[in-house]
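Engineer: Chains as they are written, first to last, in the numbering used here: chain A, 11 to 300; chain B, 64 to 319; chain C, 5 to 344.
Keep in mind the hints are simulated off the structure, nothing from the lab. Misleading hints may appear alongside valid ones.
[Unchecked claim] Each computed DMTMM-like pair below joins lysine to aspartate or glutamate, with the alpha-carbon atoms no more than 20 Å apart: (1) Lys119(B) x Glu72(B); (2) Lys119(B) x Glu146(C); (3) Lys98(A) x Glu212(B).
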Amino acid sequence: MAHVAPEIFNGLILGAFYAVVAIGLSLIMNLTGTINMAHGSFMTLSGYLAFAMVSAGTNWWFALAAAPILTAIVGLAVERSLIRPLYKRDPVYSLLLTFGLSLIAEEAYRLIWGGNGVPFAPPGFLQGSVSLGFTDFPAFRLFIAVALLVIIVLLVLFLQRTRLGLRLRAAVQDNEMIAALGTNTQLLYTINFGLGILVAGVAGVLAAGMLGLNPQSYSNQLLMPAFVTVIVGGMGSLYGAVVGGLLIGVTVSIVTLYIPAASEISMYVLMAVVLLVRPRGLFGEEGIFG
Amino acid sequence: MSEVLFSGENIVKHFGGVRAVEDVSLSVNAGSIQAIIGPNGAGKSTLFNALSGFYKCDSGNVTFKGIDITSAPIHQRIAMGMGRTFQTSSVFPNLTVWDNLLIGLQSAANLAFRFRPVGSAQRKTMEEKIERLIDFVNLKASAHRPVAELAHGSQRLCEIAMSLSTDPVLVMLDEPMAGLAHAETERVVEVIRKLHSELGLTVLFVEHNMRVVLSLAQRIMVLDRGKVLAEGTPVEISANEAVRDAYIGKEVVEHV
Amino acid sequence: MKVTRRGIIAGIVVGLLFVVLLAVPLFASHVNLAVSIWTDVLSFAIAAMAVNLLIGYTGVLPFGNAAFFGLGAYGAGLTIQYWHVGFFGSIALGVVASIAGGLLIGPFLLRRRGIYFALLMIAFGQIFFFIADRFTDITGGEDGMTFTRPAIEWSKTVISDTHLYLGMLLLFAVVALVFWMLVRSPFGRSLVAIKENETRARYLGMNTDRFIFVALLISAAIEGLAGACYTLSIMNADPSRLDFHESGNIVMMTILGGSGTILGPFIGSLIFVIAQDVLSSALPWWQIPFGAVFVICVLFFPKGILGTILDVFEKRRGGFGYEARDTLHGTVISEREIQP
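All chains should be built: construct the whole structure from the sequences, respecting the hints.
Structural biologist: Take a look at the structure:
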């Protein structure tokens, strides 16, 4: 039993990653219906930017702060120029557009930084392990766990307590209404997108240290599981994204321990089971179809 | 003339915390034309959706032609003889009026799932029916234009014609005057009148426009905040104090 | 069926196209594009047509369609490897595999629409991918399976690349014809209606779930057919056929060529496969301009190449020539918006 505990802990960390990526996706999806297939690409961009900064000599902590912000700025530019024209059209267009962007991005990263990925080690004192009583644990992973927790808490506080957060939540419920009340909805959409990318950016820098940094844009490692998290947690629910992510992370980790070949499949099987029992996801809104 | 064609008993529909429809019962006699009115947010459209199968009722029963249809899927209700229009005309916008009607007729003739082309005899029958429907709503001039290009009133008429294409005995119209300019309203009122007087259909409609309601309906039910406030003939409802109170302070009554 | 001037012109153009395609074995070496590449063009054209049935006509976004392509590929490959079936047998079994896949995941997909449907389909596609990728003992894992092309059952001869190409051309013509007839049939028109407005379709008495399910199965079968043929052409089946990126490529081909038209997918496939082959040696980062072209297409030419051309030439006015309008409209209606 003792050797399951660290796996569960690992699973929680992985799950926290899935949750954070899913939250970023959900923020964008809930407000404008945009499925951002390039979400992973933004994460990767943030990782590479951090890598570039550190290679140029800056402090890792500075990169951790600056890279996501730069990436968010890129995100704002992309939203403003490419995605905004598509809001009045069917959501399929933005899905396709972001998919196209992800292809361009992946190839561009390959061109600039090479196809084999680059090593991106966390700062010295975060390497090595920490004793947790029941096991020794990589310090960086602990740091990630804390960082992700902080992000989630900050986001929740932002959405619940600030005026901007309130506007965002209101807009999700009824954007005609708040437009009528005088809010510049287009600007809100842009800010919302930027926020989602900012979250993705932080996750990207952290993921680079834990999962490695390569042009494949985390699509199989993080983006797909994030989609599954959204499905399992329920579309429209940020709370569901957190719970769903953690659930999936733990499931995958435990399955990896006992049946390694089935590790990725397990999350999809979990998804299928959840859908059979509760089509709307754990915390999703009741759809027309249940 | 007094058998009940369609009824809903103790219909309840909640959305999260919102009690949209709270224990509403209504019955519609065959061959009658009835209206449901009420201030904004009274739950009229929700009730319509619950009765027509778009929503699942949280509790309550819906009976049509003596058969319990509470859990029947939408397409089954249509096959049994229900037809419906929506507040924002629900049509096939990029298809012509002609093709919009064709789809309905195809479905009613059980041809929708067919892979071989329709035989010429059947095709001719359907085309004749389409012509008749187009004449009934007077859309001959725009028959071969995409519905999206038509004015709201014409779109609404097309939608009404579509709801007729499946040979209903009951037609439910959700705010048929919604979004129409004043001139267009008359055309639609005429068609609704004809549904009842010429085709002998049972008509149940939701409407805000009190003038239209009072001139068309034989019986009126008033909803307020999800509950039935009053029921009766137009004369009774006009005189009802509680009804007046519900409207005043809630909204400005249009087009009176 | 009325013979119109438009129909005659279309007939001539299509006829010319097939003449050119028939002549490919003759000029293939002169343009430095082996016959097998052209076979691949046709395989993907068929796959893209399958996707087109769903995107352009039924109004659902099958972003996980590679699952069916891959099931066809592995269905053929596995049965060749372990059951030693012949040429046509392997194709048939590939189709069976993909239909089985459709039957399996269909009921899940049907519970949702719009974005959710798309996400679910992607997710289920990934299940098949990981099965192929991880169960190395059976499927060869990451590297996939390589085998020699099986002989035709009755003649015991192995078909050459050129003859395979000609066979594929015939198959492509047949599929295109079937597609054309399907789109014109009452069933096809009902699909278009569902794409335009599913709620209204229901309120006209149509059991839309059934229609979408059958469309899904037809699409799965055609896609599986394409996958099986592709595998027999390159004599290899590997997990990337099932991957989400493959789905994306096929969707891109469909849209670029023109969803909502019959031969648009062929054009998209032609461009993609040839670009991939020709450009990848000259321009290893060819995906960047290709992706950019696709982005431009989505933004400014959503009807795709063929759709835009048809639009310019025809100024069609609605009806079942609705292709002239926004062909992707209605593909991803959010479930909230389905309410009137």
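Engineer: If a hint holds in the structure, say so; if it does not, say that too.
Structural biologist: We went through each hint and held it up to the structure:
This hinted pair checks out: Lys119(B) and Glu72(B) have alpha carbons roughly 14 Å apart, not beyond 20 Å. For the given pair, Lys119(B) sits about 47 Å from Glu146(C) by alpha-carbon distance, which is inconsistent with the 20 Å threshold. In summary, the hint linking Lys98(A) to Glu212(B) is supported, as the alpha carbons are separated by about 18 Å, within the 20 Å threshold.
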